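Here the protein sequences line up with chains B and U, keeping their order.
So for the first sequence, the numbering used here puts the first residue at 9; every next one is plus one.
So for the second sequence, the numbering used here puts the first residue at 2; every next one is plus one.
Everything labelled a hint here was simulated from the structure, so no lab data went into it.
Given the structure is predicted, the values throughout are model-derived calculations rather than measurements.
Some hints here could point you the wrong way.
Said to hold, decoys possible - Cut-off 20 Å, straight-line C-alpha distance, at most; resulting in silico cross-link-like pairs (PhoX-like, lysine-lysine):
| no. | chain 1 | residue 1 | chain 2 | residue 2 |
| --- | --- | --- | --- | --- |
| 1 | U | 94 | B | 454 |
| 2 | B | 84 | B | 454 |
| 3 | U | 671 | U | 703 |
| 4 | U | 94 | B | 222 |
| 5 | U | 852 | U | 73 |
What the hints assert, rightly or not - To give an idea of the chain U side of the interface with chain B (calculated C-beta under 10 Å), a few residues:
| no. | residue |
| --- | --- |
| 6 | 883 |
| 7 | 959 |
| 8 | 974 |
| 9 | 978 |
| 10 | 980 |
| 11 | 981 |
What the hints assert, rightly or not - Rough simulated footprint, nothing fancy, chain B against chain U, three-plus residues with beta-carbon under 8 Å:
| no. | region |
| --- | --- |
| 12 | 145-152 |
| 13 | 165-172 |
| 14 | 697-704 |
| 15 | 814-824 |
| 16 | 949-957 |
Quick reminder that beta carbons are idealized off the backbone N, C-alpha and C, glycines included.
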Amino acid sequence: MRRQSPRKPEPRANAASLAGSPRLSRRELFARSGSLLYGTALASILSRELFPTDPLLASGGESYDLRPRTPHFDPKAKAVIHLFMNGGPSQVDLFDPKPLLQKYAGTVPNRDLTSDITSPTQSGGLLPSPYSFSRHGQSGMELSELLPHLATHVDDVALIRSMYGAHFNHEPAIFFMQTGRTVATRPSVGAWVAYGLGTENQNLPAYVVLDDPKGLPVNGIANWQSAWLPPVFQGTRFRAEGPPVLNLDPRPEWPGSLVKAQRSLLQDLDRAHRRERPHEPYLEGRIASYELAARMQLEASDALDLSRETEQTREMYGLNREETASYGRRCLMARRLVERGVRFVQLYIESQIWDAHSDLDKMLRYSCAKTDLPVAGLLTDLKQRGLLDSTLVVWGGEFGRLPLSQTQASGIAGRDHGPSGFSVWMAGGGIKGGTTYGATDEFGHKAVEDRVSVHDFHATILHQLGMNFRDLAYERHGLHERLTDQFPARVVSEILA
Amino acid sequence: MMFQMTGNRFVFPAALLAAVLLSASGSASAQSDLPTFKADVLPILAENCLMCHGQEPRQGGLDLQSAAALLKGGESGPAIVAGSPDRSLIMEKLVSGQMPPGEARLSPEAIDRIRRWIERGAPRETGLAADGEGASHSGLPAVTEKDVLPIFQVRCVACHGKRRQEAGLDLRTRASRLKGGRSGPAVVPGNPDRSPIIRKIESGAMPPVEMQLANSVRPPTAVELQLLRRWIAAGAPPDPPVAAANASNGGPAVTEEDRRFWSFRPPVRPPVPEVRASRLVRTPVDAFLLARLEAKGLSFSPPASRLQLLRRAYLDLVGMPPSAAEVNAYLQDERSDAYERMIERLLSSSHYGERWGRYWLDLAGYSDSEGFGAHDRFRPYAWRYRDYVIRSFNRDKPYSQFLMEQIAGDELADYRKENVTPELVDRLAATGFLRTTPDPTDAPERGFIAERMNIIADEIEVLTSAVMGLTVKCARCHDHKYDPISQRDYYRLSAILQTSYDPYEWLPPTKRRIPLGLEQEKAEVAAHNRPLKDEIRSLEKGLLQEAAPFVDTLLEERLADLPEALRRELRALAHTPQDYEDGELSRKFLVARELDQDESSEVRRYLAGKFKKTLQIGLADLNRRFPGFGPKTESLRKQLDEVKGKLRQEPYVRALMDTGGRPSTTFLLKRGNHLSPGDAVTPGVPAVLTNGVIPYRVDPLKHGQDSSGRRLALARWLTQPGHPLTSRVLVNQVWLRHFGRGLVPSPSNFGRSGEPPTHPRLLDWLATEFVSGGWSIKALHRIMMTSTAYRQTSRIGPEALKLDPENVLLSRMRRGRMDAEALYDSILKATGRLDPTPFGPADPLETRPNKEVVAKGSRVGFRRSIYTQQRRYDPVSLLEAYDMPRMTPNCVERKNSTVATQVLHMMNGTTVWEHSRYMAGRIIDRVGYDPKRQIDQAYLQALSREPTEWELERSRSALEEFADHWTSRLRHDRDPTPVHWAAQWRALSSLCHTLLNSAEFSFVD
């Protein structure tokens, strides 16, 4: 298998010289690095440890790893936090004011609109948004009253009002947003990023998923799959409570001293085994991975340990309020992970809270109350720490909603899925703040101006990370597979700083 | 309007022409009130656009001089989508002002005119009404059967086709449309307005709104409707006789040079080369390899030790290490052919098929789940295919027959007329090969034609990548860029599957099964279910009793507003006793029954229908109305679900069947879009593969079964002895599994973009030997494993490191990590937890409180990984960590990763620790408490060897240390077990656990 790109890792500085001594044994190295456990120096040392320079490895093997790789060009962002709002947030109630809906309220829509209706028996006339919109920040970006906290950040945000999708159902539409196709058989964007760039911290996964403790999203774990990309690139679920990674901690019934003694025996046995088998990089890698596992145990627990945060920070993310605590915790975890060099963090939201088929007002108020403050807190915090410049924050769902009313059994109107036009936003990581890009038609139904496809959206994310979507390829069955496949795509340069 | 065309000589004539046409066709246009291209659109374009999009060279390759040219479009795709201005690029460009470039803008009226023209389906020259009887003299191409057939197939045949004929109507053929259904002919030739089919479509009656989703169909587009009209207006003509014959799409012709590519020529058996070190030649494999090594000044490495070879052979052939007893027996066998005998033993072991069958399941993309939806729907009958594969490998079924059964098992004989025998079940289960890919179409909203086409595409990918070593996926939308495989070739392959995967009359996965089982199996199921059904009946009775007062209250509430007389009638209806099928209470307590003629009056039957909704009260209704109802009946409902979950389903075979009858027509789909049909194609295989082989030919089945024979023809074509790919691809797969790298390093790509073989002559020798030896896979193992090459050490010498660093020449054996299944199974065998029971339904999985997914054990232990559920979403954690592939749709070559999360599973996971405790317990049972004997035994079981002296010492001191740690912990715990005894056991458990975690355990060599 030929790796198409990005380029092979550059030889990095010698591990020993990083630690300040020309001839350190591995054991010494580990002993020393213990004191700087979370430093980047350690991360790079460990990556060298796991994958030592070796003529065989240099000749290109069939093993894949997460070593940091040089992007195609200088990246604006080093990491991505993807706030995936599965369910389909309603653009005309949040981001895309359409006063004309008021004028034509209740009227039967035009033909284009009816072609998007999937439940004709429940469909009513045009439904104006019950919320008022106003302008914010220097840019004067218009947002709904439901997003008062995001409103304080509009000058860091580029709002795209002209996204369009391909499918009216959650499963395929979510696959589309994750993988660029509506089918279950392709790698997700996070896996592509991990494949392209590796990660800065070998003690943590490259691609971390923080799903809602209330349950998996539609499509379950297939959302963060690597499909035919090697499994090492798939998303790793970090749980928000308890040990973040499966089997991270030694079994509770084991005496601590036993764990140490066992590790020492294992090390001795493996060393003897390896002495007999020189020049075997995979064997080396495998043995080193045991040493790494022990460190990951410390680092992953630490990364998610929010007790180290100040009261002020906890307040900022809404950790002290019931409605915001859950999402706030995960937003804060996302920051801590990115801070530690994780490449791609993806947050999901509890089951379909944006999916307001009925009772629009109640559902939207609930969803916004849960997320608006924590998301704003995340932006504030990243900015205060100087991380926003190098972190691309992406907010959006798999589609929007129709400007029509939908009436189900409950009798209180909502809106059905609308894949033809919806809003997403990006912030940080080289995004031009205060930008409003693209437009839907006068009813907020279809994207008509400066339309942005899902492939454009993906191309833009890759671009901010320093990768060209045409060149990030994986050879499979003789095809150069890409995130954007063979579809036309372009970087939405209008929203870039 | 802008007029920047000064000096552009092309514009004037065009504008003039337009003006002339405008006046000429003005009246026709006014009559029909339909905008036309020449009258309404061309003048605008001529004035504003043709200076750049007229004659060559055209900007963006876009020609705007005719309606057809707009439809064709330029570099950015079609300029218009007939019927949909919103999807038309030209509208986007005009509305946004991107075009024309510069300051100029089209007037809103002009834009609106173009919009209306597109909306009406972008008619070309004249309106429809003018089209009337004489399509030919309006200048339009005549519409014939071949133009409208795709519309009927895509929009209508789901209900008016082969399987279903609603209202007695079949719309598949011209004749059947003219004949019509119960309400007369569907088509009145020459008169679209009087043709019921047009009337029904235009009024929106067909396809019925409420049926569209349930049948996953959409109404015809405006363009399609116009085509239908024109076809009828022209007298509903059949295909012109030439059209059927002239079915070529003009794909690139295959050249002689294309056919000369190495993998497209039949393999020719080369002579075995002479080598200097002839004493090293045990099988011809060695001669081919040595010839290359010697040319580089290299030779084979020294042989591996006997024990190393033993373990290597075991892991290779059965996927588990030898037991202590097997090690001893082998070491004591001093016969000169002890090694060969050991290979034979392994080849005849029933575990062999479990190992090599797994490889085949990778190629097939086997999974026990559908891979969609929140629950990743389980496939309860997939295991029969898995068992078929294992049995076939164990019996060394000739590969040709193996393929034949998997591709066309249902067509080999008429299964409907045969007695049910294990052989028949096997042969039908074999067709599970092309039933593996993810399939969401059980849900109607995921069952539209586009999704069905994806499933067919996936099956083609499985077939071509696994069996033919070819990538044809890209030819779904365009001709292959590297290989001489045209889009037409792709749809010819697709046509082979059309008679079993008909995209127009689709069968969702749950309908693709044959109710077939051995008598004994049926009896077992019945015996198993009988007591459960009794239990369900009594539970349901209880539930009904609990619900009765609530149901009555709710019913009265619903009836409250009706007149008393009606109420009485309905009450009586609602309480008509119901006969429930065994265990089939549908959760509707009250249902308006279908009342029979003789038992009730017409009035009652009418009421039952009219008030059906009122009379239906289900659990959901009660839950909604009475907050207390749910909690009150919760335990009862839980019990009911639990018992129902224990029911075993009637035996079925999950199979691929030809659906018989007249097949629908396969069209080449332009850009892969099912709404852009091109020419019709007939079933066939890639044209480039016709070198020296018998061409693909479909013959009627001899036994007279109603089956197209298309897949049988494919199987025959693939398994002819001289086929250029079949034998090479399989031989390469076997080589890959033994030597860690294929002779063709890209096993799924033998095409021009793949990697050429490292040893082409060896590959061809093996391929021809394989075929002439009767397609025996076990014979291939013998040739490969008894070679000197296979018996080399894996240790790298200095020469080899310099001259053959990547081991392309096989100057040593490869050392590699076990794959997920070998690791899992080896742990079971080494620890004594293996339950060797083969076959049958997959073992369920469970999620431990720590979220680790593990297999549920049997009474004896745990079965091999191949018998656990192979789920796409939540697979066994340990297997997943070690790179067990997620089938998307299949896996031709696995990738290995080395990451810390693997360690976490091995070190801290439940599975390995539990098995280690078991292993330690059995060792103590066997050898007692003597540390040396314990350590010896642990090494033998885990590593198939005795410890070295140093290892013994180190392990002994570790055991003592472990025991100390455990002693202090256990004292502290105040456990009633004797501390010394328990600490010894746990210390040994920790030692076993360490050995299972050692690098040596999880690596081969």
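Please list, smallest to largest, the hint numbers that this structure does not respect.
Hint check: 2, 3, 4, 5, 9, 10, 11, 12, 13, 14 fail, others pass.
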